[in-house]
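Participant: So you can see what is in the structure, the chains are spelled out below.
Protein chains: 2
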Amino acid sequence: MKKSVLITGAGGLIGSHLRVSMAGKYNLRLVSSDPIPDLETVVGDITDMTGMIAAFKGSESIIHLAASRRVSSSWDAVLRNNIIGTYTVFEAAYHAGVQQVIFASSNHVVGTYETVYAQNIQNSQHVIIDHLVPLRPDSLYGVSKCFGETLGRYYADHRGLRVICLRIGWINRNDAPTGGEIACSMWQSKRDFTQLVEKCLGADHVKFDIFYGVSNNPNCYFDIEHAREVIGYVPLDG
Amino acid sequence: MKKSVLITGAGGLIGSHLRVSMAGKYNLRLVSSDPIPDLETVVGDITDMTGMIAAFKGSESIIHLAASRRVSSSWDAVLRNNIIGTYTVFEAAYHAGVQQVIFASSNHVVGTYETVYAQNIQNSQHVIIDHLVPLRPDSLYGVSKCFGETLGRYYADHRGLRVICLRIGWINRNDAPTGGEIACSMWQSKRDFTQLVEKCLGADHVKFDIFYGVSNNPNCYFDIEHAREVIGYVPLDG
Chain A
1 MKKSVLITGA GGLIGSHLRV SMAGKYNLRL VSSDPIPDLE TVVGDITDMT
51 GMIAAFKGSE SIIHLAASRR VSSSWDAVLR NNIIGTYTVF EAAYHAGVQQ
101 VIFASSNHVV GTYETVYAQN IQNSQHVIID HLVPLRPDSL YGVSKCFGET
151 LGRYYADHRG LRVICLRIGW INRNDAPTGG EIACSMWQSK RDFTQLVEKC
201 LGADHVKFDI FYGVSNNPNC YFDIEHAREV IGYVPLDG
Chain B
1 MKKSVLITGA GGLIGSHLRV SMAGKYNLRL VSSDPIPDLE TVVGDITDMT
51 GMIAAFKGSE SIIHLAASRR VSSSWDAVLR NNIIGTYTVF EAAYHAGVQQ
101 VIFASSNHVV GTYETVYAQN IQNSQHVIID HLVPLRPDSL YGVSKCFGET
151 LGRYYADHRG LRVICLRIGW INRNDAPTGG EIACSMWQSK RDFTQLVEKC
201 LGADHVKFDI FYGVSNNPNC YFDIEHAREV IGYVPLDG
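Top to bottom, those sequences are chains A and B.
Using my numbering, read the first sequence as starting at 1 and increasing by one per residue.
Using my numbering, read the second sequence as starting at 1 and increasing by one per residue.
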């Protein structure tokens, strides 16, 4: 029997890719702020607790993508969509009997370590930022994603959910690592992202963890070994 | 010339102690949600940006204590007072030209490590939880204090403030370590807390750091060595 998986923010860049690449393998449900043509979608607001509990009932896993996604997002935007919205999603998941939440975090929770990239290039060393380093957000957007991660830790430790946070690097529309060197170093191909998400969906043994969403890129200073060890993520691109 | 220091939450248990123990040594200003008898106080709400900017102007350091303080606080309470309120305080401090914010965080940002205490007792080992361990909040209150710490890190790294987070253990009204063993292990005497705050106020070299607010207690699993090394905190009680 196919696993029931619900995607919030299903109309966005990453959500649109996931619902196509995962189609047929899962019993997919979609939540979006706008209708998605030709697909059955719950059109709803992630700050609506009652609506989210109703939408989540019967799903085993939630992939929570809906958010203000720009690093330059205002406080008002991240407060509403990323803080209140993410709280609502976790609390609704708990009340709806969902077993797992996969939270779309961001490299911007540790964005201040970007200096490590320059130092690595300069010194021909290779320092790695892993999932255990202290949080150093580079923006209010990054702070809001730190909030989502620590909230997820709380729901995993104390409310019985299984939670995985994915610190997504840089997934782009044309699915190619074109742009600045730092952006390229944290690029993730769409098929590598799908692989990472599907490995998370199958990881019943993981109570809580944090993985970086990056392909196998030269000069990447984010750790991918931890995801390989824990869930067998093996990026095909880079 | 005395340093200008403003205390938010000056009418609370800890604020009331600080304004007495620090009186005369600093040019103290007070912000409180209620009037404080016989003292000049700005009666205001920490979610009022305009009011806080006006209140903060001319202060070198802010000691931000105002918050919903119960570990059982509801989401609505911590969202308003600890998340929106703390954002307002940091942003207002930035706009008012304040140099340093000392943020009253809490042991509850790492409260899930409480099992370490039991294990230490059982194994006669002594594992220490320091300022670098991954955040593991035990409550929505703890999550809200995690938010304040990562927000402080952002304001230190990117907005020019100096920020110190104090993970306060257990300060109580009668200033004595009476109660359960875990509470006693993280007790802090009022005079040790004042010492810790005053050492922070003098620590011009600290751009960002996190210290535990505990006395020198047996069986304490929170690190006090880091505060001793960085700012010379030497607890007198325990």
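Just so you know, the hints here were simulated from the structure itself, not pulled from any lab data.
Wrong hints could be hidden among the right ones.
As the list claims (entries may be wrong) - Label pairs and their in silico Cβ distance ranges:
id : chain 1 : residue 1 : chain 2 : residue 2 : range
1  : B       : Arg173    : A       : Asn27     : 51 to 61 Å
2  : A       : Val133    : B       : Ile128    : 13 to 23 Å
3  : B       : Ile36     : A       : Tyr94     : 34 to 44 Å
What you are looking at is a predicted structure, and each value in this text was computed from that prediction instead of being measured.
In this text, a Cβ means the ideal position worked out from N, Cα and C, and glycines have one as well.
Participant: Hint by hint, note whether the structure agrees.
Facilitator: The hints, checked one at a time:
Checked against the hint of 51 to 61 Å, the C-beta distance between Arg173/B and Asn27/A comes to roughly 56 Å, which is consistent with it. Distance hint check for Val133/A and Ile128/B: the Cβ-Cβ separation is about 19 Å, which falls inside the suggested range of 13 to 23 Å. Ile36/B and Tyr94/A have their C-beta atoms about 41 Å apart, which keeps the hinted 34 to 44 Å range intact.
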